[in-house]
Each structure stands twice: as structure tokens, then as C-alpha cells.
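**Q** Given the sequences, and given the hints that come with them, work out the whole structure.
Read off the chains here:
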Amino acid sequence: MYEALHVAQTGLTAQNHRMAVISNNLANINTVGFKRDRANFDTLLYQTLKQPGAQTAQGAESPTGLFLGTGVAIASSEKLFNQGNVINTNNALDMAIDGPGFFQVTMPDGSTAYTRNGAFTRNQNGEVVTSNGYVVNPAIQIPADAANITIGRDGTISATVGGDSQVQQLGQLQVATFPNSAGLQPMGESFYRETVASGAPLQANPGDAGAGKLLQGSLESSNVNVVEELVNMIETQRAYELNSKAISSIDAMMRNLTQST
Amino acid sequence: MDKLIHVALSSLRQAEISQRVVAANLANAETVGYRADNDRSFTSVYLNQAGGGTEPRVFATTGEQTINTEPGAVTMTGRDLDVAVDGDGYLLIQTADGTPALSRRGDLRVSAAGVLENASGLAILGDGGQIQVPPNRSISIGSDGTVRVTPIDAPEDQPPVVVGRLGLVATPAAGVKRRADGHIAAADDSTPPFDPAMKIVAGALEKSNVNSVQVLTGMVELSRMYEAQTKLLKIATTLDEAGASLMRMPD
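Protein chains in written order, with the working numbering: chain L, -5 to 255; chain H, 38 to 288.
No wet-lab data here; the hints were simulated from the structure.
C-beta atoms are modelled at their ideal positions from N, C-alpha and C, and glycine is treated no differently.
Be aware that one or more of the hints could be misleading.
If you anchor each label on the Cβ, the simulated ranges turn out as follows [as the list claims (entries may be wrong)]:
hint: 1; chain 1: L; residue 1: 48; chain 2: H; residue 2: 134; range: 46 to 54 Å
hint: 2; chain 1: H; residue 1: 281; chain 2: L; residue 2: 42; range: 23 to 31 Å
hint: 3; chain 1: H; residue 1: 148; chain 2: L; residue 2: 41; range: 22 to 30 Å
hint: 4; chain 1: H; residue 1: 150; chain 2: L; residue 2: 245; range: 22 to 30 Å
The calculated lysine to any residue pairs, modelled on SDA-like cross-linking and capped at a C-alpha distance of 20 Å, are [what the hints assert, rightly or not]:
hint: 5; chain 1: L; residue 1: 239; chain 2: H; residue 2: 271
hint: 6; chain 1: H; residue 1: 244; chain 2: L; residue 2: 243
hint: 7; chain 1: H; residue 1: 244; chain 2: L; residue 2: 72
hint: 8; chain 1: H; residue 1: 244; chain 2: H; residue 2: 151
hint: 9; chain 1: H; residue 1: 271; chain 2: L; residue 2: 252
hint: 10; chain 1: H; residue 1: 271; chain 2: L; residue 2: 225
hint: 11; chain 1: L; residue 1: 73; chain 2: H; residue 2: 177
hint: 12; chain 1: H; residue 1: 244; chain 2: L; residue 2: 227
hint: 13; chain 1: L; residue 1: 73; chain 2: H; residue 2: 213
hint: 14; chain 1: H; residue 1: 244; chain 2: L; residue 2: 249
hint: 15; chain 1: H; residue 1: 268; chain 2: L; residue 2: 252
hint: 16; chain 1: L; residue 1: 44; chain 2: H; residue 2: 218
hint: 17; chain 1: H; residue 1: 244; chain 2: L; residue 2: 225
hint: 18; chain 1: L; residue 1: 73; chain 2: H; residue 2: 271
hint: 19; chain 1: L; residue 1: 73; chain 2: L; residue 2: 115
hint: 20; chain 1: L; residue 1: 207; chain 2: H; residue 2: 261
hint: 21; chain 1: L; residue 1: 73; chain 2: H; residue 2: 150
hint: 22; chain 1: H; residue 1: 271; chain 2: L; residue 2: 249
hint: 23; chain 1: L; residue 1: 239; chain 2: L; residue 2: 72
hint: 24; chain 1: H; residue 1: 268; chain 2: L; residue 2: 243
hint: 25; chain 1: L; residue 1: 44; chain 2: H; residue 2: 261
hint: 26; chain 1: L; residue 1: 239; chain 2: H; residue 2: 152
hint: 27; chain 1: H; residue 1: 244; chain 2: L; residue 2: 13
hint: 28; chain 1: L; residue 1: 44; chain 2: H; residue 2: 213
hint: 29; chain 1: L; residue 1: 239; chain 2: H; residue 2: 257
hint: 30; chain 1: L; residue 1: 73; chain 2: H; residue 2: 151
hint: 31; chain 1: L; residue 1: 73; chain 2: H; residue 2: 104
hint: 32; chain 1: H; residue 1: 268; chain 2: L; residue 2: 44
hint: 33; chain 1: L; residue 1: 44; chain 2: H; residue 2: 219
**A** Have a look at this one:
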């Protein structure tokens, strides 16, 4: 009886974890470039109560045996990298990637992080930086007196500088793609880190085969679908209720045993 | 003392085991592709007194495991690597000890080593063993289970290449059973052959087949049965006390 209680408890823990994943998705519904997570469940080990093949009588064997499940566990939580909606902002340094690529950002510790959040600005040196102030890689300097900044679909940044009517090319943005982007490790602030599972990044110019196109003046919104998350939330809540119902039912049985005899 | 109390005890034990199966099914109500265990695996043992006595006893004891093979609800997810087996069949997977097993779990992914596996980390077996997926720009799974990828270095106009086909098998004629490691296998331990007629639905997932209404009513029923058996314990005690008081020497 006590085992049954613990089995039901694993269900509560798993649903609780899933609810945390759903809440995180909903909390980030307006986070630019956010990719939603999904919690994957897995059954726990089975316990052998009756071995298959055990003799039940002379010449007769138990054909299937009896195994009792011990509950459920969270197997993994997984990022789903499908494309979010592209929103037009008309801000010159806002960029969205239409395709599978990632922007590369040099973190303060010198390492490279990857992001889908293309809300960029300039810092005091004129470098293109993320909204947290981290420099976008490859570093591109935009002079203070630059006007009419244009970013091509292939990542070329050009502008007119100092009232000159001639357009100058200021740099070339690159994006990184991964053999298995689901294996990237999320590290907060919309950044991802390369892992063994993701594979090594491949740099490419936007517009190259498989890299995705760059859209200037646009941002990629999160790919969270509210309706889907709400349905998942209801489902999770019901599963939670069922498991707590199991706990109260088992408790009632134990109470009955200890009090009525 | 009467043996009635032991008969009640055997039933109480079975109710406890059943309640555990119920709890495990409920805990996995949201596990993708989970197949519920039937929670009533009781059988009876009839003990007759030698020489045809008048005290037959029927004890409840543990029976055989069976799995509920009803299909679970299918939900559309739109993810490229989510597949739901369409109809009465299974995906062939490689378990941790290397043996093949059957699974309805379709939330697939590509491992760090480039092997197609499910979210439990078990490789999917295809027509040529494990399915190796090269670094790619896009991956798709056709309704017959064919996995196609566009390799990452392929030119833009190259059509996707086939890297393998999911091992789809029909439900074995002998039926299926639960193995000691919790996986589903053919009842006769054979590995079913690939069935080219089996289909999958891509971009969809099959949830567990735990029927919550059925499970809840079953749980209530078990609770009541348990109460009835504890009542029997009480009655057996009263009977025994009555018998003992008759035997008592008068003061």
C-alpha cells in the first residue's frame, strides 16, 4: 500500500515539473526569439512480482509473469525550434532570421553564445550589440554619423556615412547553423551554448543554402502557441488531480484498515 | 481459529497490488505512447480438503500480466520528428541491453552521435539496424516511415536523400506482453518482421491509453472491496472471540 502511495507521488512530481515548463513557455510569450520547451516523460523501472516461466504446476509455466510499474519520471525537456512569427518593427538594427540559423554573440567571458533574438543596438564604440550589450560576432562598427543603414538578406550591412551620397559597405553578418539544434543548451537571456549533442557550429552567410535569410526591421516573436499551452495546462492539471485522487483513495484504504479493525 | 481471516487477507493483498498498478497507470497518464497495465490480474486458487471435506477455500492470488492495447488519443504537434503509429502496430526499438522491443512512443530526436532515437534515448531500429541521420538542414518522415534529410552541405536544388526507414511492425499474432524491463515484446519473444503495409502519421503524437474515467471507477471499486475485506477481518475476529469465550473456564 505504501508503494502505491509513492507511485502516485512520482506522478504528482512529474506533472508539477511539466507545469513549470508550461508556465515558463507562457511567461516568455513575448520574449523575442524564445523557443518553447516540451517536457518528455518516461516510465520508471518495473518490479518483478512473478517471474515469467515460473512453474505454476507440473509442466505448466507462467506465460507472462507479473511486473509492477513504479511510476513516471521526467526524461528530458526539449526545445522546439520551429519558426516564430516575424513582426515588423521598422527599427534599422532589428533583425530576424527566416530559417534555421543563429546569431553569434561574444559573451563577456570571451566565449561564443548563439541566439535567435535579433533586437540589436549600437554601443558607445558604434559596435552592433545585443540588448544586453554583448558584441555581435563578427564585430561590425557603424560610424556615429552613418545614416540609412541597410541590411541585406545576405547579411551585408551598408550605410551612407557623413552626408556622403555614396553607400558604403560596413560589414558582413554571419549566422551559425548546427547539425542538431535541439541539442543546444539554453543558458538564459535567450542565449544558447554549443554542446556535444548539438555538434560544432557551421558559419555561413545568410541566404546561403540552409542558413536562412536575414530580415531587416523585423523581430522573430516567440514560437509559443497560447492555445496549445493552455490545452497542455488543462491536461497537466487533470493528470495532477487524478494522481492526487489516487493518493487520497489509497489513504482512505489505509485509514479504513487501521481504524475499522 | 477459523481460516476465514486468511481468505480475507489474500484478497486484501491483491487489492494492494491492483492499487499499485492503478497508481502506476495514473502516474503515466501523460507519458507519450504508454500502454496501461490491466489492474485486475487476479486468479483464484481452490483448496479442497482431502477426502472431499466440507471446508473448501478459494483464495485470491496473483495472475498473469496483460497490457491494454487500445490505441491512445493522437494529438497534432506539427514537429517534424513526432510520429504516431497508425493502426495496430509498433515501432521497433533497441533497448538498453541491445535487444529489440516494441514501442508506440513516437517523440523522436537525433542523438549526439546522429542516431535516430525516442525521447527515452532508445534507438529506433530501421530496415538496416539503427538509423544514422547526417547533419542536415531539414528532416522529414513519410507516412510509410521513410526518413528523408537534406544534408547540410547539399546544394539548394538537391532533393532530400533517404537515410532509412522506421522499423514498423504489425502486432504479432501471438499477442504482446510486458517484459521485466517494462518494455513491450511479442508474447512468444520473437521479433516480428517489418510490415511494409504499416503507416505512421508525421507531426502527431500518440498519448498514453490510460482511460481516466475507467481508472477512477476502478479505484473506487478497489477501495470499497478493500473496506469489505477489512470488515471480514473484523467479523473473523468477533467470531473467534465468541468461540474463545465459550471455551473459557467459568470463574
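**Q** Work down the list of hints and note, for each, if the structure agrees.
**A** Hints and how they fare:
1. Taken as a hint, the range 46 to 54 Å is violated for the pair residue 48 (chain L) and residue 134 (chain H), whose Cβ atoms sit roughly 21 Å apart.
2. With their beta carbons about 41 Å apart, residue 281 (chain H) and residue 42 (chain L) fall outside the hinted range of 23 to 31 Å.
3. At about 28 Å, the CB distance of residue 148 (chain H) to residue 41 (chain L) agrees with the hint of 22 to 30 Å.
4. The hinted range of 22 to 30 Å is not satisfied by residue 150 (chain H) and residue 245 (chain L), whose Cβ atoms lie roughly 46 Å apart.
5. Taking the CA atoms of residue 239 (chain L) and residue 271 (chain H), the gap is near 27 Å; set against the 20 Å cutoff, the hint is violated.
6. Taking the CA atoms of residue 244 (chain H) and residue 243 (chain L), the gap is about 25 Å. The hint is violated against a cut of 20 Å.
7. Annotation: proposed proximity of residue 244 (chain H) to residue 72 (chain L) holds, straight-line Cα distance about 17 Å (limit 20 Å).
8. Straight-line distance between C-alpha atoms of residue 244 (chain H) and residue 151 (chain H) comes to about 26 Å, which puts the hinted pair past the 20 Å bound.
9. Proximity of residue 271 (chain H) to residue 252 (chain L) is assessed by CA-CA distance (about 11 Å); at most 20 Å being required, the pair is judged to hold.
10. Taken as a hint, the residue 271 (chain H) and residue 225 (chain L) pair is broken in the structure, with Cα atoms around 48 Å apart against an allowance of 20 Å.
11. Between residue 73 (chain L) and residue 177 (chain H) the CA atoms are separated by roughly 18 Å; this keeps the pair inside 20 Å, and the hint holds.
12. As the CA atoms of residue 244 (chain H) and residue 227 (chain L) are separated by approximately 15 Å, the hinted pair is consistent with the 20 Å bound.
13. For the hint linking residue 73 (chain L) to residue 213 (chain H), the alpha-carbon distance of about 34 Å lies beyond 20 Å, and the restraint is violated.
14. Between the alpha carbons of residue 244 (chain H) and residue 249 (chain L) the distance comes to roughly 34 Å, so the proposed pair goes past 20 Å and is violated.
15. Distance hint between residue 268 (chain H) and residue 252 (chain L) is fulfilled; the C-alpha atoms sit about 11 Å from each other, no more than 20 Å.
16. Restraint check for residue 44 (chain L) and residue 218 (chain H): satisfied, since their Cα atoms lie roughly 13 Å apart, inside the 20 Å limit.
17. Between the alpha carbons of residue 244 (chain H) and residue 225 (chain L) the distance comes to roughly 14 Å, so the proposed pair stays at or under 20 Å and holds.
18. Restraint check: the Cα-Cα separation between residue 73 (chain L) and residue 271 (chain H) comes to about 56 Å, which exceeds 20 Å; the hinted pair is violated.
19. For the suggested pair residue 73 (chain L) and residue 115 (chain L), the alpha carbons sit about 27 Å apart, so the restraint of at most 20 Å is broken.
20. With a C-alpha separation of about 65 Å, the suggested pair residue 207 (chain L) and residue 261 (chain H) falls outside the 20 Å cut-off, and the hint is violated.
21. Distance check on the hinted pair: residue 73 (chain L) and residue 150 (chain H) sit about 18 Å apart at the alpha-carbon level, within 20 Å; holds.
22. Of the pairs offered as hints, the one joining residue 271 (chain H) and residue 249 (chain L) holds, with about 14 Å between alpha carbons and a cut-off of 20 Å not exceeded.
23. Between the alpha carbons of residue 239 (chain L) and residue 72 (chain L) the distance comes to roughly 29 Å, so the proposed pair goes past 20 Å and is violated.
24. At roughly 17 Å between alpha-carbon atoms, residue 268 (chain H) and residue 243 (chain L) fall within 20 Å of each other, so this suggested pair holds.
25. About 26 Å separates the Cα atoms of residue 44 (chain L) and residue 261 (chain H), which puts this hinted pair outside 20 Å; it is violated.
26. Proposed proximity of residue 239 (chain L) and residue 152 (chain H) is contradicted: the alpha carbons are some 40 Å apart, above 20 Å.
27. Under the criterion of a C-alpha separation no larger than 20 Å, the hint pairing residue 244 (chain H) with residue 13 (chain L) is consistent with the structure, at around 17 Å.
28. Among the hinted pairs, residue 44 (chain L) with residue 213 (chain H) is consistent with the structure: their alpha-carbon atoms are about 17 Å apart, no more than 20 Å.
29. With a CA separation close to 10 Å, the supplied pair residue 239 (chain L) and residue 257 (chain H) stays within the 20 Å bound.
30. Taking the CA atoms of residue 73 (chain L) and residue 151 (chain H), the gap is near 17 Å; set against the 20 Å cutoff, the hint holds.
31. Between the alpha carbons of residue 73 (chain L) and residue 104 (chain H) the distance comes to roughly 32 Å, so the proposed pair goes past 20 Å and is violated.
32. As the CA atoms of residue 268 (chain H) and residue 44 (chain L) are separated by approximately 29 Å, the hinted pair breaks the 20 Å bound.
33. Between the alpha carbons of residue 44 (chain L) and residue 219 (chain H) the distance comes to roughly 14 Å, so the proposed pair stays at or under 20 Å and holds.
Taken one by one, the earlier hints fail for this structure at numbers 1, 2, 4, 5, 6, 8, 10, 13, 14, 18, 19, 20, 23, 25, 26, 31 and 32, listed in ascending order.
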